[in-house]
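Undergrad: What follows is each chain in one-letter form.
There are 2 protein chains.
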Amino acid sequence: MKDNDRQTLSESFIINNYLKKLNFNKKESFNFENDGAYLSISENKKIVVSNDTIVEGVDFFTNDDADSIANKIICYNLSDISSMGAMPYCFNLSLGLPKKISKKWLRSFSSKILKLQKKYKFFLLGGDIAQTKHIVISATFFGRIASGRIIRRDGAKINDDIWVTGNLGNSFAGLMFKKNIIKTNDSIKKFFIKKYLYPDPCMIGDKLRLIATSAIDISDGFYGDLNKLLQPNNLGANIDVKSIPILPKLKNLILSHKFKINKLLSAGDDYEILFTSDPKKKYLINALSKKNKIKITKIGTIINKKGIYADGKILSLNKKSFQYNF
Amino acid sequence: MKDNDRQTLSESFIINNYLKKLNFNKKESFNFENDGAYLSISENKKIVVSNDTIVEGVDFFTNDDADSIANKIICYNLSDISSMGAMPYCFNLSLGLPKKISKKWLRSFSSKILKLQKKYKFFLLGGDIAQTKHIVISATFFGRIASGRIIRRDGAKINDDIWVTGNLGNSFAGLMFKKNIIKTNDSIKKFFIKKYLYPDPCMIGDKLRLIATSAIDISDGFYGDLNKLLQPNNLGANIDVKSIPILPKLKNLILSHKFKINKLLSAGDDYEILFTSDPKKKYLINALSKKNKIKITKIGTIINKKGIYADGKILSLNKKSFQYNF
Chain D
1 MKDNDRQTLS
11 ESFIINNYLK
21 KLNFNKKESF
31 NFENDGAYLS
41 ISENKKIVVS
51 NDTIVEGVDF
61 FTNDDADSIA
71 NKIICYNLSD
81 ISSMGAMPYC
91 FNLSLGLPKK
101 ISKKWLRSFS
111 SKILKLQKKY
121 KFFLLGGDIA
131 QTKHIVISAT
141 FFGRIASGRI
151 IRRDGAKIND
161 DIWVTGNLGN
171 SFAGLMFKKN
181 IIKTNDSIKK
191 FFIKKYLYPD
201 PCMIGDKLRL
211 IATSAIDISD
221 GFYGDLNKLL
231 QPNNLGANID
241 VKSIPILPKL
251 KNLILSHKFK
261 INKLLSAGDD
271 YEILFTSDPK
281 KKYLINALSK
291 KNKIKITKIG
301 TIINKKGIYA
311 DGKILSLNKK
321 SFQYNF
Chain P
1 MKDNDRQTLS
11 ESFIINNYLK
21 KLNFNKKESF
31 NFENDGAYLS
41 ISENKKIVVS
51 NDTIVEGVDF
61 FTNDDADSIA
71 NKIICYNLSD
81 ISSMGAMPYC
91 FNLSLGLPKK
101 ISKKWLRSFS
111 SKILKLQKKY
121 KFFLLGGDIA
131 QTKHIVISAT
141 FFGRIASGRI
151 IRRDGAKIND
161 DIWVTGNLGN
171 SFAGLMFKKN
181 IIKTNDSIKK
191 FFIKKYLYPD
201 PCMIGDKLRL
211 IATSAIDISD
221 GFYGDLNKLL
231 QPNNLGANID
241 VKSIPILPKL
251 KNLILSHKFK
261 INKLLSAGDD
271 YEILFTSDPK
281 KKYLINALSK
291 KNKIKITKIG
301 TIINKKGIYA
311 DGKILSLNKK
321 SFQYNF
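Here the protein sequences line up with chains D and P, keeping their order.
Residue numbers for the first sequence follow the working numbering, so the first one is 1 and each next one is one higher.
Residue numbers for the second sequence follow the working numbering, so the first one is 1 and each next one is one higher.
Okay, chain D solo, but in the shape it has when bound (with noise of 0.2 Å):
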């Protein structure tokens, strides 16, 4: 028991075997398997809740900008909301704060989350303030939905079409190129960085809340996250590899051997909104996707068989998503 007391504890370890006893059965948490709850006011007016986290060292680079950072905790609330078919409404705010900190960091800071709260237009509601070692930063977030129906991440049905929003793989590459594991000329370099450091949530998940029948933003790569759609009801995925959208720049570099494109797809924070829904559906997804000008592409099919195949070749699921082990 002593030598095995620190083996085995990942997030989900965490979560099963110590937190799921404290919600109660309360269908508002989805049992913890969601990165959202919800608020029940009545029977027709809900608040979604969701609250994400980002440290330092861990999330961010200790030397990144201040303004990349507030992005970041912004963009990745935002996703999850927009995956549940919310809008933002307001949020709460936990700073932790190492001394380090200077005026012109709480400036940036505040200033990049002011421009946000403009275009998404949302407002701090609260929160709170602790001196720590490193900088910690919580949120939780608040969304409105127009009636009852919230995206679940449980719904997809056989047959469903499987869809994904703008392109994978940028952020993840931008990594590699911010930690120097991948080297290319400073354009191609700068253009992928700015897409890890400065992520774009894809706020389309209130127009899809009666479309889609299961959703999930794409935060911890996107074969753990299409996993996350699946395991629910023991279904399957067809994936056609060839259609998952990478940019030309991108691609270019798969083919130069700088990336392996499972690498690129199981791992990376891409905020793409990833999601399930009856083929009859299909046109109406064109449809919304040429009005807001987002590009949405099918990649692939829910099949009634586990597992996730990639043009008919299944996946080895080691480390098919990012998880904390502590």
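Worth flagging that the hints you see were computed from the coordinates, not collected in a lab.
Each hint should be verified, as a subset may be incorrect.
Because identical chains cannot be distinguished in the list, a pair is counted as satisfied if it fits within a single copy or across any two copies.
Result set (DSS-like, lysine-lysine): computed pairs, CA atoms no more than 25 Å apart in a straight line [stated by the list, open to error]:
1) K26 x K260
2) K21 x K115
3) K104 x K20
4) K26 x K45
5) K249 x K178
6) K133 x K99
7) K20 x K103
8) K27 x K45
9) K179 x K157
10) K306 x K99
11) K133 x K207
12) K282 x K194
13) K45 x K121
14) K179 x K133
15) K100 x K133
16) K183 x K100
17) K260 x K133
Dock chain P against the given chain D, drawing on the hints supplied.
TA: What follows is chain P alone, placed relative to chain D:
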């Protein structure tokens, strides 16, 4: 500018200069002059929101037991919810955990939370887990309120009575014993250290909702928190120091010069409720105290003259309340 860059970064400086612009003047935020806020659902339906973060090495010692840490994060938030006149409904938990965390720690931490959830009737809605270098725990609590009226901080009127629940100073005395700054016999020491490690929130708030004109929980010291009730309307307070509820065993320590009373009343996490009310409500409050078996003591009066007067002598307001300086 550069030399000054680090001088004045108190919590209130950060809030006033960088964060206030982010609340878009929404009344739900109380302009950040309250520990809590609320979500406005409809004219008569509000959800109270509070947020507190505790940090290893600041709010608790590195080797403090997990159940004490759990007790603190829950108590700090319940106390805020109570002071606004609400009852807890559910909460979001953000766990920043270092690698040293063991199964034993998690078992003890979650068991204590479960115990408090059963006692005070609330559930865990959601949250997240992140890897940090030291323990940083943030909780966002949601409270129910019977009708639209939340007890505010800025409602005190001239001639209002000033009341406090329970006994003051125990937790601060416990901290001094824990730090070995003060020494005495073991049973006395143990008693007060327990008060510091396992604070009890005073959940009388929802019963004061229609009685109190203003309220706050004492989390940064009695005098400092009293000052927060006075400042919004430029009021003052006459305090009868002898009437302040202090346990006989703590009074003995004061008499034997272990503690200065003003020190006791200027620091410390009492988690009692300090509130004001119309003198006509005196009998109601005494009846409430009797019925609920909660000590509630009248300790002074609101006056039309700025400052806190303890037995007629104005208090110096230096170090009146705990605040981080960054």
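Undergrad: Between the shortest in-copy and the shortest cross-copy C-alpha distance, which are at most 25 Å for K306 and K99: within, between, both, or neither?
TA: Neither way: K306 and K99 sit 50 Å apart in one copy and 34 Å across, limit 25 Å.
Undergrad: What label fits K27 with K45 when the C-alpha limit is 25 Å: within, between, both, or neither?
TA: Both ways: K27 and K45 sit 15 Å apart in one copy and 21 Å across, limit 25 Å.
Undergrad: Taking 25 Å as the upper bound on the Cα-Cα distance, should K282 and K194 be classified as within, between, both, or neither?
TA: neither (32 Å within a copy, 63 Å between copies)
Undergrad: Please sort K179 with K157 into within, between, both or neither, judging by C-alpha distance up to 25 Å.
TA: The answer is neither: 40 Å in one copy and 60 Å across copies each exceed 25 Å.
Undergrad: Checking an output row: K26 and K45, CA cutoff 25 Å. Within, between, both or neither?
TA: Close inside one copy (16 Å) and across copies (21 Å); limit 25 Å.
Undergrad: Given a CA cutoff of 25 Å, do K20 and K103 count as a within-copy pair, a between-copy pair, both, or neither?
TA: between (41 Å within a copy, 15 Å between copies)
Undergrad: For K249 vs K178, is the C-alpha pair at or below 25 Å within one copy, between two copies, both, or neither?
TA: within (17 Å within a copy, 61 Å between copies)
Undergrad: Reference check for the pair K133 and K207, CA-CA at most 25 Å: within, between, both, or neither?
TA: neither (41 Å within a copy, 40 Å between copies)
Undergrad: Measure nothing new, just compare the shortest in-copy and cross-copy C-alpha distances for K183 and K100 to 25 Å and report within, between, both or neither.
TA: neither (32 Å within a copy, 36 Å between copies)
Undergrad: With identical chains, the pair K104 and K20 could be close in the same copy or across copies; at 25 Å between alpha carbons, which is it: within, between, both, or neither?
TA: between (41 Å within a copy, 17 Å between copies)
Undergrad: Quick one: K179 to K133, C-alpha cut-off 25 Å, is that within a copy, between copies, both, or neither?
TA: both (23 Å within a copy, 21 Å between copies)
Undergrad: Classify it for me, K21 with K115: is the Cα-Cα distance of at most 25 Å met within a copy, between copies, both or neither?
TA: Close across copies (11 Å), not inside one copy (40 Å); limit 25 Å.
Of the numbered hints given earlier, the model fails hints 1, 9, 10, 11, 12, 16, 17; all others are met.
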